[in-house]
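Protein chains: 2
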Amino acid sequence: MVNRFIRDEKDNSIKHQYQNYSDNKTDHSSENIIITPWEVHGDFEDENYSKLIEKFGTQHISLDLINKIKKITGEVHPLIKFRYFFSHRDLDWILNKYENGEQFYLYTGRGPSGLVHMGHLLPWIFTKYLQEKFNSKLIFQITDDEKFLYNMNFDRNRIKNYVLENILDVIAIGFNPELTKIIVDTEHIKSLYPIAIEIAKKITFSTAKSVFGFNNMTNIGMIGFPPIQAAPCFLPTVLENKPTPVLIPAAIDQDPYWRITRDVAEKLGYYKPAQIHSKFLPGLSNLTKMSSSKPETAIFTTDEPEVVRKKVMSSFTGGQPTVELQKKLGANPDICPVFWYLKYFFDTEKKSIERFYRCRSGNLLCGECKNELANESVIFIKDFKKRREKARDKIAEFMFESR
Amino acid sequence: MVNRFIRDEKDNSIKHQYQNYSDNKTDHSSENIIITPWEVHGDFEDENYSKLIEKFGTQHISLDLINKIKKITGEVHPLIKFRYFFSHRDLDWILNKYENGEQFYLYTGRGPSGLVHMGHLLPWIFTKYLQEKFNSKLIFQITDDEKFLYNMNFDRNRIKNYVLENILDVIAIGFNPELTKIIVDTEHIKSLYPIAIEIAKKITFSTAKSVFGFNNMTNIGMIGFPPIQAAPCFLPTVLENKPTPVLIPAAIDQDPYWRITRDVAEKLGYYKPAQIHSKFLPGLSNLTKMSSSKPETAIFTTDEPEVVRKKVMSSFTGGQPTVELQKKLGANPDICPVFWYLKYFFDTEKKSIERFYRCRSGNLLCGECKNELANESVIFIKDFKKRREKARDKIAEFMFESR
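Protein chains in written order, with the working numbering: chain A, 2 to 404; chain B, 2 to 404.
Same shape as in the complex, but just chain A (with noise of 0.2 Å):
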């Protein structure tokens, strides 16, 4: 899959890079890759996924782990089966401690620096599964200090403003509120803040520097930041009062922050974290443009119908230029939005193959493929919607409290 993007945030004036993870090849569209936990960019294709688990130092998911998964929970979640989530750290370890009768917190989060659009829900939709599934606790923590400290533009209302607004969303994916907790950094620092200051002591700014690429103009809050979104990976210890496993589904681009928690993890007393690793999912617009931060490119929760179904139809596909050459020379799955929002939202296993072969062949227009995802897209936002909206009555019960 060739899963060319650029993710970047509105209103940076801080710019950092992770150090590019390309080889001395020639490859031209991995030396363009750029990753750390507030920027991506680059061509993200199956092969470049692969240099990423090699530069760091993950796992792939096996056909054994993934055998080991449908062991333990009777299937193989889609999003795993598409490789969706395609690398890991541990996941066999907490595999192991599960069966042997010891449970496991999830932990997962969200930068609040804007409105949740439908590429953010995955990894939540895929850890609401794995809480089902395993019946784990879940630590949810928004990090309003980060985004606050990362968007020079940004001041501490706007945070709020999102906070609030992506706390509906994490609500209204249907988390079970009796084993799902969610934590606001600024509100919940008190928790968070005796286990950070443990791991920031184990941690030189030289480490922190080669791991996330700060500079001299970075500024000290981003520079303290980072233990403060590992403390969540140690508070499952704390709040149950016993080593306790946890496992961090998140996109590939957190990697940093649970490098530096499992190098510190042991020294301190602590589990290392385990981590599913999954893809970035682009938004719609036109390949070299595309741009989470663009309202047109994705489509966000709050969309209205006709909004949705106009994003969906000025979607950038993997089609010709004209129809005529579309049948004869067939369209391109592989770079084509619609059809991976399709697979991953929408189709069945077996759908989405078709649907592959029939656009390969030439027998597929783009403006079926469009008007599909159209309309599941209004019928999933509009559902989506009526559960963000109920969610409002649910807040204090899905908020962490502090002791």
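It should be emphasised that the hints constitute simulated quantities derived from the structure, not laboratory data. Do not rely on the hints blindly, as some may be mistaken.
Given that identical chains are not distinguished, each listed pair holds provided it fits within a single copy or across any two copies.
[To be verified] Cut-off 25 Å, straight-line C-alpha distance, at most; resulting in silico cross-link-like pairs (DSS-like, lysine-lysine):
id, residue 1, residue 2
1, Lys-191, Lys-203
2, Lys-161, Lys-268
3, Lys-243, Lys-203
4, Lys-191, Lys-273
5, Lys-268, Lys-210
6, Lys-161, Lys-243
7, Lys-203, Lys-161
8, Lys-371, Lys-311
9, Lys-395, Lys-69
10, Lys-161, Lys-395
11, Lys-71, Lys-129
12, Lys-161, Lys-191
13, Lys-129, Lys-395
14, Lys-395, Lys-191
Starting from the structure of chain A, add chain B where the hints point.
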């Protein structure tokens, strides 16, 4: 006054060097001066304190300003008269505010890296005096996070113990409980953190490096910490919901914090904090080895009377090697900790001046001064310990309540 001493903290594995404030003269004493919030080394003579004023960009406390204080309060505190408090920033401004009916907050603090000794008490005694004279609210910050982050061998329990012990000392000073609130960073972080990230966002690593001497080996907790100590400068404005002036009485080594705080204050819509800076009060041991972390060099508020007496009687003095020589040549009160402790704690102005000239002329032997200091200190510490014990029941009354 020659006031040579070395203060550092035991168990440090990190060393920061504040920019050496010496100029290019071959003045050996000033070349060896290092001042950061975590380390003070050097020969402290009046001349060097003057150089500090120049280097840090603070102001001498002028006669005009002393007269202004006298006009408002009806008197001049001996610690100002004796130039123990020798430097300031915006003290004139804050007195003008006060004269115009605008109340100011006092803010000072303690890094709980050990037990409290008499040297620590002087700025607090002065702060209490200011509280009485100006009817000021006081925020007293205990930086348990900083001391945990700085001292590589300190675990959180060790710090917790010091926090409790130090709080007893603070309360024993006699602050007005209705006007005084103690903030323990890890306990009250929720009230500090939102202000701290506002500050942190405005300070680059480059600035922090040059002000605090951070380097690649500094842990990221230390780099992220300064905004936590800066935050109480702005907290009064949040608490009072209107711009509120703040005056910080503290030793000059804390100045780097206030410098960065003042740099960002107006950008964030706060008043710059005003300061009144004290000199350092050394321990009692040999000049070349003085260190507040060496128990034999300091009279702790928890010392037993016989221990107090023994420490004083073993003190280094400015005396001559023999009684005969002392009678013949006179002694040197300028380098004598026994003289300083008597001067700052127990002597009246008149008595201190007499002592100075009697000492210089050879008409006063060290045994007499030591005996006087021992007697006075035993009475002082006995009384202080009683108040310290009573403080155990007042802790809750003095603790800040996070909102």
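Structure-based check of each hint:
In this homomeric assembly, Lys-191 and Lys-203 come within 25 Å of each other (Cα to Cα) both inside a single copy, at 20 Å, and across copies, at 23 Å. Only between protomers do Lys-161 and Lys-268 lie at most 25 Å apart by alpha-carbon distance; the minimum there is 21 Å, versus 35 Å within a single protomer. Within a single copy, Lys-243 and Lys-203 get their C-alpha atoms as close as 22 Å, which meets the 25 Å cut-off; across copies the closest is 40 Å, which misses it. In this assembly of identical chains, Lys-191 and Lys-273 lie within 25 Å of each other by CA distance solely inside one copy; the values are 22 Å within and 27 Å between copies.
For the identical chains of this complex, Lys-268 and Lys-210 are intra-copy neighbours only, at 21 Å inside a copy versus 28 Å across copies, given an alpha-carbon limit of 25 Å. Taking the closest pair of Cα atoms, Lys-161 and Lys-243 come within 25 Å of each other only across two copies (22 Å); inside a single copy the shortest separation is 34 Å, beyond that limit. Only between protomers do Lys-203 and Lys-161 lie at most 25 Å apart by alpha-carbon distance; the minimum there is 20 Å, versus 31 Å within a single protomer. In this homomeric assembly, Lys-371 and Lys-311 come within 25 Å of each other (Cα to Cα) only inside a single copy, at 10 Å, whereas the closest approach across copies is 89 Å.
For the homomeric pair Lys-395 and Lys-69, neither the shortest alpha-carbon distance inside one copy (36 Å) nor that between copies (59 Å) is at most 25 Å. In this assembly of identical chains, Lys-161 and Lys-395 lie within 25 Å of each other by CA distance solely inside one copy; the values are 18 Å within and 37 Å between copies. In this assembly of identical chains, Lys-71 and Lys-129 lie within 25 Å of each other by CA distance solely inside one copy; the values are 17 Å within and 69 Å between copies. Taking the shortest Cα distances, Lys-161 and Lys-191 sit within 25 Å of each other both inside one copy (18 Å) and across copies (15 Å).
Within a single copy, Lys-129 and Lys-395 get their C-alpha atoms as close as 17 Å, which meets the 25 Å cut-off; across copies the closest is 48 Å, which misses it. Taking the shortest alpha-carbon separations for Lys-395 and Lys-191, both the intra-copy value of 23 Å and the inter-copy value of 24 Å come in at or below 25 Å.
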